[in-house]
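> Sequential numbering of the sequence shown, starting at 61, is according to the working numbering.
A portion of the hints provided could be inaccurate.
Subject to a maximum C-alpha distance of 20 Å in a straight line, what follows is the list of computed DMTMM-like cross-link-like pairs (lysine to aspartate or glutamate) [said to hold, decoys possible]:
no.	residue 1	residue 2
1	LYS130	GLU106
2	LYS101	GLU146
3	LYS101	GLU126
4	LYS149	ASP221
Here are the simulated distance ranges between beta carbons [stated by the list, open to error]:
no.	residue 1	residue 2	range
5	LYS252	GLN168	31 to 39 Å
6	LEU243	ASP99	14 to 22 Å
7	SER184	PRO110	49 to 57 Å
8	PRO228	VAL121	52 to 60 Å
If you're looking for bench data, these hints aren't it; they were derived computationally from the structure. The C-beta atom is built at its ideal place from N, Cα and C for all residues, glycine as well.
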Amino acid sequence: MANNNTNNLALRSILDKDKLNGTNFVDWQRNLCIVLRMDEKEYVLEKPIPPAPPANAPKAVKDAYEKHVKDDNQVSCVMLATMIPELQKQNEDMKAHEMIVALRQLYQGQSRHERFLVNKALFSCKLSSGNPVGPHVLKMIGYITNLEKLGFSLQKELATDLILQSLPELYKGFVMNYMMHDLDKPLPELLKRLQTAEENLTKGKGASVLMVQGGKGKPKKGIKIKARTVGKPKSKSTSSTTQKPIGGVAKGKCHHCGKAGHWRRNCKTYLATKKKEGTTISSEMYVIEVNMSIYHAGTEAE
């Protein structure tokens, strides 16, 4: 019991540090709900005190009524104690439910601005590829809960659609399957299924990565890889036939004497005849060389 009282006092100190002054209603209401939730008395803000039960009512009904009256009185005191004096005077005769309704109407402009900011954050949520899905969905559920507290509750289907459309392309298969079969599931169940899907996707992705890394650089069986020859590349021939070296051509028959083994320019008989005729050898060397070139070209063509 002592520990509970200590915790209650610690939480209520939050309200004492940030009393309602007319400009901080949204924050004050949030802190008030936190304190009342710990005491299990938050319900008195949303439910008015019911009419008193008749004298012949069951004991359980009478006890519930008395508890509600008692809890409402305590919450009203907490609310008034955490306001500035001007606001205390305006609300001191109200019950807790009446008081919160009046304050919400008075400061609905602040709530409207707060609701706009929450809506903006909610509708712009996008999960980037590679980031965990759990914190992302929890953040969106928190925005949806805040909207309910601000008096703007989203329908379950719309809330589900917002979460599903915020997922990256990796979850496309999950989204299609969920839309076909599990559309009526609550948001916590959607979160649980998304975390399971994330584990399966992560395992599949890791297996594919390992398969790619393990097979990198290894040839498949049955495929022969031709080894490269390191060295000077072969030069391409400019013609389809290999040219014969001039020095390698075998000597044929002499055109003058008909004997084999020498050319006419080296023929002794031919040279002797020309000497007698007075014709110089040098004057005929050009003709001989031209004839030899023609003969050599003709031989290659054959």
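> Each hint should be assessed against the structure and marked as holding or not.
Status of the hints after comparison with the structure:
As the CA atoms of LYS130 and GLU106 are separated by approximately 15 Å, the hinted pair is consistent with the 20 Å bound. For the hint pairing LYS101 with GLU146, the CA-to-CA distance comes to about 26 Å; that exceeds 20 Å, so the pair is violated. About 13 Å separates the Cα atoms of LYS101 and GLU126, which keeps this hinted pair within 20 Å; it holds. Under the criterion of a C-alpha separation no larger than 20 Å, the hint pairing LYS149 with ASP221 is inconsistent with the structure, at around 46 Å.
One distance hint, 31 to 39 Å for the beta-carbon pair LYS252 and GLN168, holds here, with the actual separation near 36 Å. With their beta carbons about 37 Å apart, LEU243 and ASP99 fall outside the hinted range of 14 to 22 Å. The hinted window of 49 to 57 Å between SER184 and PRO110 is violated, with their beta carbons roughly 42 Å apart. One distance hint, 52 to 60 Å for the beta-carbon pair PRO228 and VAL121, holds here, with the actual separation near 53 Å.
The structure is inconsistent with the numbered hints 2, 4, 6 and 7, although it conforms to all the rest.
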